[in-house]
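Please build the complex by placing chain G on the supplied structure of chain E, with the hints as guidance.
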Amino acid sequence: MRKLAPLTKLILTITVTIWAFIMNDNIALAGIVALLAGTAAVSGLSQKQYKAMLSLAAFAAILVAFQYAFGSGVQLSLAAGFRMLIMTYLFFLLLATTRIQDLTAALVVHCRVPYDYAFMLTASLRFIPDLLAEIKAVQEAQACRGYSNKGNIIDRIVSYLSIVQPLVLRSISRSETMAMSLELRGFGNQAGRTFAAELTLSAKDYVTVGLIAAGTVVILSR
Amino acid sequence: MLNLENICFKYSNQTVAAQDISLTIAAGEFVAIAGRNGSGKTTLTKLIMSLLKPTSGSITFRGENTKKFSPADMARYVGYVFQNPDRQIFRDTVALEVAYGPEQLGFSPAKLTLAVEKALQVTGLEAVAGAYPRALSKGQKQKVAIASALAMEPEILILDEPTSGQDSQSGSGLMELLAGLNAGGCTVLLVTHNMELLAKYASRTIIMDQGTKAYDGSTRELFSQARDIAKWGLREPATTAISRALTEYGIQVTEDPRYLAKCLVDLIGGARHA
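These protein sequence lines are chains E and G, in that order. Numbering of the first sequence is given in this note's numbering, commencing with residue 1 and proceeding in unit increments. Numbering of the second sequence is given in this note's numbering, commencing with residue 223 and proceeding in unit increments.
Be careful, since some hints might not be right.
Which residues of chain E face chain G? A few of them, derived with a C-beta cut under 7 Å, are [as the list claims (entries may be wrong)]:
id, residue
1, 13
2, 17
3, 138
4, 141
5, 144
6, 145
7, 166
8, 170
Derived from the structure by calculation, the hints contain no laboratory data. These numbers were taken from a predicted model, which means no experiment stands behind them. Even glycine gets a Cβ: it sits at the ideal position worked out from N, Cα and C.
Excised from the complex, chain G in its bound form:
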């Protein structure tokens, strides 16, 4: 659906933020983009959104080159959720705020009402539809930003570190929401530092390192081998580390945290009885 071919990008201060990046995103994928700060993750997503234009190379969406597309054109197909929802929230109620995008795209009144209602329902914001959005909690505001993107009925949803600065409960709540959307057919592109969430939810991971694509493949594959991911500024999730350490003792366990716990209890219990 989305195709990047030999993308290069240089900022005006000559910093190279993307170097010869080629990748394809298929419809329905859940892709995580990881890497240390300044590795080019956000640059990559901004290039996809047409907020930045590649210095060389081409980006095609559904076979169409996006060179002449403005971000507002892309907004019809791609929803982009920024890290800081305060930069976009400006209306008096959550419902009005969510309606801004569809209004810009020229939805008919009936379609608009429906799109807003659906977005609020999916994100679980119906109860606060009439509330003043800036007074909400950070997690709720992030949901307003996601609802604002969803109301525009995008095919791809890009999120730049949506879980940063949130407690783990609202963080996983958000991820469950994304997983649900993904199950419903929406392609999700998630920039994140959180390895636990990445390992749990993303089926594919792209790792950026100094403006280049350092890894692109299945998330399971990334963690299953003794790959040196620390060189990319990443840390293995605890569950993967434990299960691999156990494998070294000849004990085969699953990486799913719930089953891992059960395996461990069984092991310890077995040892006690012996």
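Pulled out of the complex, with its shape left as it was, chain E reads as follows:
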């Protein structure tokens, strides 16, 4: 996965998601899941990422159980579970094996997405780990002032405000700083922007896209 160009991975993700919705054959869907799991196994992800994939599978199993319990047939419930797994695994693999700035570059260069929009996507994805770290830091700071997540649900929500408020205020001031530093670094200069990311397509990419196209033809012709 890592060796493919970002564009190829994007095409792969979108097409296979569409396949998952067109196909009704549970065996074929299960095959795709197995294929994705196999791809993940050879992609050299971290232990944490593999664990996340396992928990996604567990979540899919719960989804199937619920569907079945609420009166859907076995076939239909299984298909829903597989589809959910395929979609989440695909995006998971895409994000785990592609640097976000490469993805932005591919969107802008190949897909002609305006840079501002592509940047918004990457900036928001990039902020998630930052935000999680910030939540932890604020939680620690308030814990030292006697904050504890105990009591009934209403107490908890009220006390959680002492975490949310500094978090929101900090995030706002941080986004202001970020906007300023972006402008200082030439954000908004539309003419002749280039990317440091490596975007050229290799033989591997053409083969992969060819296979995807062939697969699509086969699925549609059935």
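This is chain G only, laid out in the frame that chain E set:
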């Protein structure tokens, strides 16, 4: 009062941040913790505060093991002031902000008002009690954070680099405040990079190096000998360096900056008249 015995700690990414650390902090001490970035200073203070739990070893506070204590439990006895006050300030006025901690601990209204008033008075924030805390200067915000900790009437105050990013005047103002608190009986544990402030205020220094305790003893002793403190990423304060250099010429002077200056003037004056 506080006792750490053979403390080890590993982060989930297997980084060893504390290795076999044993130390005792007595009531009323003013202890500085120094060392290069990533040497385990903050880890040590977070372990004391129960924000982190040791992988092995035990921490006892007043003879009680803190293993089952949450940070909120520890907050009754230990005030912790973080480097960045913006992470904790969230209320509309300074007085309300300072009142958050005591409220969490369930102080009675009368006791709460008194504790807040006292904390504001000690930190010199009475004049801005009604101000919006986030609009204050960095030094003032740090004082709000200290007042917030003091209002909970802690026995130990831990501060993680409270003077970073401040001009030297507000930095020493802060240190004078801590010295005053210490004189009033509060135990102070200060993480710092500032050697001048450390030499001037802390009677005892603990130096961390790669997760181990590299030095634990009197601050005077640390600087008085020709110890190679550069290997711990530290730099001798100018006054100590000058007085030691003079000692090598057989001139005995004190390390106190004020007297050092006087000694130097006397020396130069003497030379002129001769």
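Notebook entry, point to check: For the hint on residue 13(E), does the least C-beta distance to chain G fall short of 7 Å?
Noted result: At 29 Å from the nearest chain G Cβ, residue 13(E) fails the 7 Å test, so the hint is violated.
Margin query: Does the closest beta carbon of chain G sit nearer than 7 Å to the beta carbon of residue 141(E)?
Written below: At about 4 Å, which falls below the 7 Å cut-off, the nearest Cβ of chain G leaves the hint on residue 141(E) intact, so it holds.
Next item on the list: Grab the minimum C-beta distance from residue 145(E) to chain G and call the hint holds if it beats 7 Å, violated otherwise.
Entry: holds (4 Å)
Item checked: Satisfaction of the residue 166(E) interface hint, Cβ to chain G closer than 7 Å -> holds (4 Å)
Next item on the list: Under 7 Å, Cβ to Cβ, is where residue 138(E) needs to be relative to chain G, so tell me if that hint holds or is violated.
Entry: holds (5 Å)
Check: Hey, does the residue 17(E) contact hint survive, CB to chain G under 7 Å?
Finding: Where the cut-off is 7 Å and the nearest Cβ of chain G is about 33 Å from residue 17(E), the hint is violated.
Note to self: Take the shortest C-beta to C-beta distance between residue 170(E) and chain G; is it under 7 Å?
What the structure shows: Where the cut-off is 7 Å and the nearest Cβ of chain G is about 6 Å from residue 170(E), the hint holds.
Item checked: Per-residue hint verdict: residue 144(E), partner chain G, C-beta under 7 Å -> holds (4 Å)
In this structure, the earlier hints numbered 1 and 2 are contradicted, and the remaining ones agree with it.
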